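Enquirer: Listed below, chain by chain, are the residues.
2 protein chains.
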Amino acid sequence: MKRIISILVLCLAVAGAAQAQELANFAFWGNRKPIVSPEIQGDSVTFRLKADYATVVKLSGSWMPNPWGGTIDMVRNQDLVWEVKIPLPEPEIYTYNFVVDGVAVNDPQNVLVQRDGTRYLPMLLVPGERSQNYGEATKHGTVSHPWYDSKILGMSRRLTVYTPYGYEANPKKKYPVLYLLHGAGGDEEAWTSMGRAAQILDNLIEKGLAEPMIVVMPNGNPGQAAARTLNIPEKPYDWRDPSMRDNYVKSLCTEIVPFIEKNFRAVPKPASRAIAGLSMGGGHTISASILYPELFDYICPLSAAGSATPEQIAALKKAGVKLYFLACGNTDFLFKGAEEMHAKLNEQGLEHEYFVSDGGHVWSNWRLYLNTFAQKLFK
Amino acid sequence: MKRIISILVLCLAVAGAAQAQELANFAFWGNRKPIVSPEIQGDSVTFRLKADYATVVKLSGSWMPNPWGGTIDMVRNQDLVWEVKIPLPEPEIYTYNFVVDGVAVNDPQNVLVQRDGTRYLPMLLVPGERSQNYGEATKHGTVSHPWYDSKILGMSRRLTVYTPYGYEANPKKKYPVLYLLHGAGGDEEAWTSMGRAAQILDNLIEKGLAEPMIVVMPNGNPGQAAARTLNIPEKPYDWRDPSMRDNYVKSLCTEIVPFIEKNFRAVPKPASRAIAGLSMGGGHTISASILYPELFDYICPLSAAGSATPEQIAALKKAGVKLYFLACGNTDFLFKGAEEMHAKLNEQGLEHEYFVSDGGHVWSNWRLYLNTFAQKLFK
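Just so you know, the sequences run in chain order V and A. All residue numbers for the first sequence refer to our numbering, where the first residue is 37 and numbers rise by one. All residue numbers for the second sequence refer to our numbering, where the first residue is 37 and numbers rise by one.
For the record, the hints were derived by calculation from the structure and aren't laboratory data. Fair warning: this is a prediction, and the values are worked out from it, not measured in the lab. The reader is advised that the hints may include incorrect statements.
The list makes no distinction among identical chains, and a pair is therefore deemed to hold if it is satisfied within one copy or across any two copies.
Pairs of lysine-lysine, DSS-like flavour, derived with a Cα cap of 25 Å [unchecked claim]: (1) K353 <-> K243; (2) K412 <-> K121; (3) K86 <-> K298; (4) K210 <-> K298; (5) K187 <-> K121; (6) K305 <-> K415; (7) K372 <-> K210; (8) K209 <-> K298; (9) K208 <-> K298; (10) K208 <-> K415; (11) K372 <-> K415; (12) K243 <-> K187.
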């Protein structure tokens, strides 16, 4: 065994000279001061980038007041590294990037990256009360990517499924299911990447604040089999065509729900089914509640691009709802729609919770909503 | 329903003005010519980057002869976009990046990204015979990330598990298992990201070239609970300490194997267990075959950082081996070790396949090896 170790030492030692792709990440040799970025110290955070030949380097962050991020100038420090130290933003998860001579550059020191549609963005988690459930819990659920066959959409399609900690160890136990839908531009990985759904559920369940549940995150783009990261050709899909308009919602309710209840240990009852979605997914949530009023007892449209008629709300009320959680930011461009929906639900006497937060159409709100309504499900 | 659609149209229309994170990926308005990169046309490929204020823009790619990639100058085209057209490299998967005024920049037009340790790198798949199993198959297996509790390493640890297409639909069927180990600098996502393990298995199984099998890809860094993308604090781990040296291999063979055989429909027999690993993982493969000679009937050290004594090889031969697949690149810095191991296996009369490829210690070889030996397992 000693010889194996010797060879391993040799491997590591010569890695610097070799074309070793995996080993290239090691940087334990040399006396260069390591660059740390981002570095949180007390109530400030410092960002750093080595860019010896750059003329202008700026920082852009999702916490900045400008809707498109804005920028802050960085300066070269005594080690000739571009640097900027700013007051720590409020506790939340943010994304940021550098702008080097006008070009967006990710932080090479930060392996924590979220994918927002086609963009990969470095992540900054500012710890605090609001973000306490967004980091890793001690006990982790399992995230998997099964594929279901959709006759309605004519393809095999990828899902993201979260099963809670203990699912494997308790092979007789059945669980309630939350169907959690993304918005336009997102895909089946949006809620686990930008939304921190696995971390939020892990933490809530570990703290006894939420029931252990399965969370199903489908791909809501009816022409897509999977996220574009898989490079599967897309089918043209005209959602303005009346015959196709509701096909994704139909696939969700008549194909995905049965697939989950067959292949996972799910309780197959309305009282153990919840549906929630943001933006376009909020529209899908409302559509599902209209087309299949009996299916879900928990309905949570978030910053929703959708509405319903008085008759549709009356039908839903008749079918029975345990929780209707309507949420929107007070500066969201869809806030007026939420206000109208709230008024209509009141008019029809459908008991509901109207959750209005500060801010707009952003992931910080959607994480907050999940962290809030997940505690109210299946109780 | 018409009203829902109207609101949806409104949402999409105003998205440009709103702070809509998800919607920001849409670019269907405006008359700007879309930038396409990379663009394969015939036997050439063009890379493009918009960088209006940059002075020097270069392209660096893993196909270039220089071990560290080298660079090619890019020039501004008539649309003021930086561009370079090069002959298409041989069919394979490559990674590349731009260098803007000395700073590495990923291709914002390319959503296909691989993570190599802490680096995210845009991917170029050049189609052809060698790479035909590296793209998406029609039928997909399920990739999941369960966690197992390790008493030996004192933490809950994340796995990547591939179950083949049909696993869900055939609830009585049991499958053989390949344990597939990464190298130094990698983690439990290395084989699915750089290694294309799910695509390779999907394609081989779909073509009837490989037996449907489960593939288990653990994290081989004994101080890590999971990939650094999860930001879980690491435990100090001194692998030079004799009492700790083999703890990961012990956890693999006495904790992970039982966990898989309990929680997945695995055939719990040596003839249905294979182990393979690259570089450090090749060392782990050899160690496992020495410490537990009865456990695996299929043993595949790839570009391995490891060796064995004549006595250890004799013990393994006695325990019985159905396939010993020893692979290495002929310019790999570990090639001498492979040659020695080949000679030792011959001396002890352990029947084996010695697979020598062109090239070095690189993922293109490890994909080729998986694509080759996976066809020989469990037959």
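Enquirer: Which holds for K412 with K121 at a C-alpha limit of 25 Å: within a copy, between copies, both or neither?
Expert: Answer is neither: 40 Å inside a copy and 56 Å across each miss the 25 Å cutoff.
Enquirer: Are the CA atoms of K243 and K187 at most 25 Å apart within a copy, between copies, both, or neither?
Expert: Result: close only across copies, 23 Å inter versus 40 Å intra.
Enquirer: My question is about K86 and K298: at a cut-off of 25 Å on alpha-carbon distance, are they close within one copy, between copies, both, or neither?
Expert: neither (53 Å within a copy, 49 Å between copies)
Enquirer: Regarding K187 and K121, is the shortest C-alpha distance of 25 Å or less found within a copy, between copies, in both, or in neither?
Expert: Neither. Shortest intra-copy (54 Å) and inter-copy (42 Å) distances fail the 25 Å Cα cut-off.
Enquirer: Is it within a copy, between copies, both, or neither that the alpha carbon of K372 lies no farther than 25 Å from that of K210?
Expert: neither (40 Å within a copy, 55 Å between copies)
Enquirer: Is the C-alpha distance from K210 to K298 at most 25 Å within one copy, between copies, in both cases, or in neither?
Expert: Both: 12 Å inside a chain and 18 Å across chains, each within 25 Å.
Enquirer: Is it within, between, both, or neither for K353 and K243, if the alpha carbons may be no more than 25 Å apart?
Expert: The answer is neither: 33 Å in one copy and 52 Å across copies each exceed 25 Å.
Enquirer: My question is about K305 and K415: at a cut-off of 25 Å on alpha-carbon distance, are they close within one copy, between copies, both, or neither?
Expert: This pair counts as within: shortest intra-copy Cα distance 14 Å, inter-copy 44 Å.
Enquirer: Given a CA cutoff of 25 Å, do K208 and K415 count as a within-copy pair, a between-copy pair, both, or neither?
Expert: Answer is within: at 20 Å inside a copy they meet the 25 Å cutoff, but 34 Å across does not.
Enquirer: With identical chains, the pair K209 and K298 could be close in the same copy or across copies; at 25 Å between alpha carbons, which is it: within, between, both, or neither?
Expert: This pair counts as both: shortest intra-copy Cα distance 14 Å, inter-copy 16 Å.
Enquirer: How do K372 and K415 come out at 25 Å by Cα distance, when the copy is not named: within, between, both, or neither?
Expert: neither (31 Å within a copy, 64 Å between copies)
Enquirer: One pair to classify: K208 and K298, alpha carbons no more than 25 Å apart. Within, between, both, or neither?
Expert: both (14 Å within a copy, 14 Å between copies)
Against the hints set out earlier in the document, violations occur for numbers 1, 2, 3, 5, 7, 11.
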